[in-house]
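Colleague: One letter stands for each residue in the lines below.
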Amino acid sequence: MSWIAIEVDGKVHRVAAARGRDGIWISIGGRSAFYPDPRRQSTGPGSAAIHDEIRAPMTGKVVAVHVQVGEAVTEGTLLAILEAMKMEYRLVAPRAGLVEAVHCRAGDLVDLGLPLVRLMESASDPSITGSTTESPQ
Amino acid sequence: MTARRPASRAHRSADTKAPARSAARSPAKASPALDRARVLVANRGEIACRVLHTLRALGVPGIAVYTDADREAPHRWLADEAHALGANDGYLDPERLLAAARETSATAIHPGYGFLSQNAAFAQAVADSGLVFVGPSPAAMRALGEKRSARATAERAGVPVIPGAAECNTVAIATEAARRIGYPVLLKAAGGGGGKGMRRVVGAGEMATAFAAAQREARAAFADDRLLIEKLIHPARHVEVQILGDGRDAIALGERECSLQRRYQKVIEESPSPGISDGTRRALGEAAVALARGAKYANAGTVEFLVGPDEEFAFLEVNTRLQVEHPVTELRFGIDLVRVQLEVAYGAPLPSPPPPRGHAIEARIYAEDPAREFLPASGRILHLEWPHRPGVRIDTGVAEGQDVTPFFDPLLAKVIAWGEDREEARQRLIAALADTVLLGLATNQSFLLDILASDFFVRGETHTTTLEGWSWAPEPAPPALVEAVRKALRTGPANGGQGSGAPRDGLGPGRDLFSPWRSLGPFRIGGEATDPSTDPRGSR
Chain X
1 MSWIAIEVDG KVHRVAAARG RDGIWISIGG RSAFYPDPRR QSTGPGSAAI
51 HDEIRAPMTG KVVAVHVQVG EAVTEGTLLA ILEAMKMEYR LVAPRAGLVE
101 AVHCRAGDLV DLGLPLVRLM ESASDPSITG STTESPQ
Chain W
1 MTARRPASRA HRSADTKAPA RSAARSPAKA SPALDRARVL VANRGEIACR
51 VLHTLRALGV PGIAVYTDAD REAPHRWLAD EAHALGANDG YLDPERLLAA
101 ARETSATAIH PGYGFLSQNA AFAQAVADSG LVFVGPSPAA MRALGEKRSA
151 RATAERAGVP VIPGAAECNT VAIATEAARR IGYPVLLKAA GGGGGKGMRR
201 VVGAGEMATA FAAAQREARA AFADDRLLIE KLIHPARHVE VQILGDGRDA
251 IALGERECSL QRRYQKVIEE SPSPGISDGT RRALGEAAVA LARGAKYANA
301 GTVEFLVGPD EEFAFLEVNT RLQVEHPVTE LRFGIDLVRV QLEVAYGAPL
351 PSPPPPRGHA IEARIYAEDP AREFLPASGR ILHLEWPHRP GVRIDTGVAE
401 GQDVTPFFDP LLAKVIAWGE DREEARQRLI AALADTVLLG LATNQSFLLD
451 ILASDFFVRG ETHTTTLEGW SWAPEPAPPA LVEAVRKALR TGPANGGQGS
501 GAPRDGLGPG RDLFSPWRSL GPFRIGGEAT DPSTDPRGSR
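Residue numbers (my numbering), protein chains in the order written: chain X, 1 to 137; chain W, 1 to 540.
Honestly, the hints are just simulated from the structure, not real lab data. Just so it is clear, the structure is predicted and the values come from calculations on it, not from any experiment. Treat the hints loosely; a few may be bogus.
Once the Cα atoms are required to be at most 25 Å apart in a straight line, the calculated DSS-like pairs of lysine-lysine come out as [as the list claims (entries may be wrong)]:
1. X/LYS61 / W/LYS196
2. W/LYS231 / W/LYS188
3. X/LYS86 / W/LYS487
4. W/LYS487 / X/LYS11
5. X/LYS86 / W/LYS196
6. W/LYS147 / W/LYS188
7. W/LYS188 / X/LYS86
8. W/LYS147 / X/LYS86
Residues on chain X that point at chain W, a partial pick, calculated with CB under 10 Å [said to hold, decoys possible]:
9. VAL8
10. HIS13
11. PRO38
12. ALA72
C-beta atoms are modelled at their ideal positions from N, C-alpha and C, and glycine is treated no differently.
This is chain W alone, in the form it adopts within the complex (with noise of 0.2 Å):
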């Protein structure tokens, strides 16, 4: 992977008798850019929990930080240390972090993604506190995570970028600018995303109705009715390159896939793209390298692109940080993205890109009730059963027991399964998911089951507004059998019976739910304790 960690093996030959323990402890130093590293991961749930088992790997010592309702969290009972942040937006107030930082001797600061990840002056008061940012520069940041200096940067290094991006704040300027380009456009707010303020224009005919729907949105969404106009790309794929950089170099690690989405949020992502050719994908690769070094850019990131039905591609924006979907780029390539960020931060120089293999494919399992138009559900985890198997990789920040609460984003596991090929990687992520067994509050898990199931996907036909034309609904259990289990658990074991609609055997309820066996997470007595969902690649 990178760094061979020489310095460790010269230790172990020369000094055989180190007793096994401190070995254990200290697998450490299998990094040597990695020595006076002490990590604050300023951010919670699945993505904390991903950093700090990396950490442990490395034995690079990690401190996590909690909010009021996370004190139960399992990221806070992973890390070495354990810091109190107060209120519930204390991950967003970068002065608590600092002082989270100073309080317990950090070297550096892991921001995950999300909360102040991308937040340039947060990157830039880090370094200010002479603490290491473990992302790319605040320079980097500004040129590239900011949209309009992201396309001049992406104009500049020869990447093509979407037609259009011109305000329009008249139905005369939009409709001479739409003249230009050609149709089909579309109309977005100039100051906001997520989907508010976007209509799409066929035609010169719809061009009012739809300019003063956009501006109308746009204007109770972000207080601003500014609107860009661009050429629509449709049907687009929603295809995004790896880059890693350490400010000298960079280089690509494939693609992902994250077409399909609901509400403007992933739902499924794989790698490799089912939809491009080879030449695509070099292009893709080379055109997201040419901008990273354009930018001297350090770390990893994420240039998005959407693909058109004739596999035109225009750039959309870089994400300056670890992305969600990384696990699928890891699994193929065989290469922890953490463990790269650190040594990078650190100075070491860029590891040689592995040669990728098989295929990779992720589902998000969202705390959302797909019953009740998918929105957020909350509610105790009363039950928790993840897969364990050849190719299947769980990544989670919950445990049975926990309280899973309104205050953060709805994500609560990302399933990932490898295979040979696509196919195998498919089958595997859809036995994985229907073994998955989360009780307690509404999740999407029947949503990903019959996507990974469709025609549409079977087939790699996928873009980013397939989901919002696929009418799909959950299936309620069969009444009879609904009937039959209330009646198991209201009777137990002793009374299961054979028969129609009769339970045939049962555990019984009343498992203490809330004894510490099961509420204080993995832990052996005398030893490290252990977290099954890290294992990258299952034993293929």
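Bound conformation, chain X alone (with noise of 0.2 Å):
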């Protein structure tokens, strides 16, 4: 950890950083976030367009899982419930498709990003798609 002075434009922050794991910790006058490293960041999206991994979006617990391989969604139907610090989250799909894979099971701890369940376009296979029904929303 360090107190850094950081000159931009003119005005001087102070400011406290810490490096975390896959980035860094930054607050400045009591204002505090994380600033992933920009390496991270780009081996993201760019693959997202057939597979989507919907990933934990807190560390915690995965109280139940709702969804088997093969089973098709649509956007918003619950894929699992996780719990942190007595909070309930409902994981939903983000969209229509195929389940292709579910990496996590009842009882799990679960890392902040980590995938617990990958979703193929349901486009691929017709069968599939004609019981998909699209969300109204």
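Work from the hints to combine the two standalone chains into their complex.
Modeller: Dropping the structure here:
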């Protein structure tokens, strides 16, 4: 951890900073945030066209998994329920698709960002597309 | 404050040659009632530390319990003795806690808040084991702690309650009840709280839709679709009164306003309330005392009210325990509520209430990420700095190097500021939060700072729905600055330079985070460890 005085556009900021895993923590005037390393960010979204890894939005415990491999889901379908710090989070499908893989089981402890469910575009299989209804929203 | 320690004064004057060390070791008997007390603190986090601090000040042995995830938690090291509970549900397991009390020869159990603190069966089991439960009697807990009986007790004591609160299991019954009570009304789940299954209904035209939605939500959340209907008080302030009872008499120690909540979680609390007149303040205190006397209440408790636009108020519920936000009351009244709790539990009479002074505001620092819908945040605390200055108190249960795990509630610390008036307290709190550094996991600090600086807060226009209607998002640091910091951390101070976006100086990375000097917490060889977080009023 370091205290650093940094001048940006003529203004000097007193910054507390520390290196974390895959990024840095910065606190300025009591406002802190995590800034991921640029390298890590660039590997993310590009390949998301066909497969979507649905990742853990927080570190916590998987309370229940509500889908199975091969299942067709619509936008908003409940995939899993996570719990952390007494708060329940309902992980839902961001779009319609087919569940290609389930990487977690009820009772698992998962870290933030860990892939939990992989969705595949259902368009590749007409029979499944047929049974999938787009959410009205 | 309370019993004026005659015994210890007599002792000191009679035996001036008593070695300094033993005097320091047992400033005890500060409270004669607590002579044989040995208190197991059945909790964790900041409240366990808070209770242990008072025990240390009184010279009363304190025993901590800790579960697997809390092996390195500060409350364990603050106690005279610590007992392992094993799996993380240990704080909720009466059997394991009572066994811990037996094995450590405890004479009392302080439950803190949350966990088993409002569980009448646990209080009974503690008493049945021959131990003192630092809280109200099981009978008082049942009379006031359960919503239905609390409402009945309030009505008997002549305390105004929210009109309505009838069960309504069809739209027709609900519509008829609403016509009788008058719109707007609130539909809520009978089987649980937390805002699930709750709908505001402003007119008869909305009833059918709202009723169906509330019922659906209640069924999903609690497997129970029974609904209650009551008069909606809107906009409402959440104002609560601190009560203390000894089973014979009861007193009120002012009110706290806790209207600023997010998802039914309190965020900022203050005392006195900025939005009620002295007449209302008096009426609230009298109502709370009537309720406490009626239930022969012993120990600390909180009576919650909703206060409407014309300052009409209605009883909400009683929390039969110490409240998270109790420090704002302590700072205003110069009283140690935990000490009073202990003394009353051991049979001492109530202290006479000291006069209040000034204004106190508390901000709760939660491990949650404002940039990601306030989701819980876990991680290792890489760096931690608290401000120590006049009028500022920090209640916390975390230390640098500690892992904040997802197993317990997200409260990391409370920063409380006292001032001669509200504005001084507000400015002190803003400055204290601005100088609080916690790196390694996301917290809501920026949210707290922006609330305290907002127009609505400055004007004291705070209602239970204020934060949900406030559009707020954290502002990230400028990218140029982030890049400069990244570079500075990579290169260290030797390469720091001047100019735009360049680091000007720095201590450099590489301070050993896991050195025992950092991870063991406060200690001093040959003396008492001190923890700066207990200073109640700063040096005013």
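Colleague: Now look at each hint and say whether the structure bears it out.
Modeller: Structure-based check of all given hints:
| no. | hint | in the structure |
| --- | --- | --- |
| 1 | X/LYS61 / W/LYS196 | holds, 22 Å |
| 2 | W/LYS231 / W/LYS188 | holds, 11 Å |
| 3 | X/LYS86 / W/LYS487 | violated, 38 Å |
| 4 | W/LYS487 / X/LYS11 | holds, 18 Å |
| 5 | X/LYS86 / W/LYS196 | holds, 15 Å |
| 6 | W/LYS147 / W/LYS188 | holds, 13 Å |
| 7 | W/LYS188 / X/LYS86 | holds, 21 Å |
| 8 | W/LYS147 / X/LYS86 | holds, 22 Å |
| 9 | VAL8 | holds, 5 Å |
| 10 | HIS13 | holds, 6 Å |
| 11 | PRO38 | holds, 9 Å |
| 12 | ALA72 | violated, 23 Å |
The structure shown violates the earlier hints numbered 3, 12.
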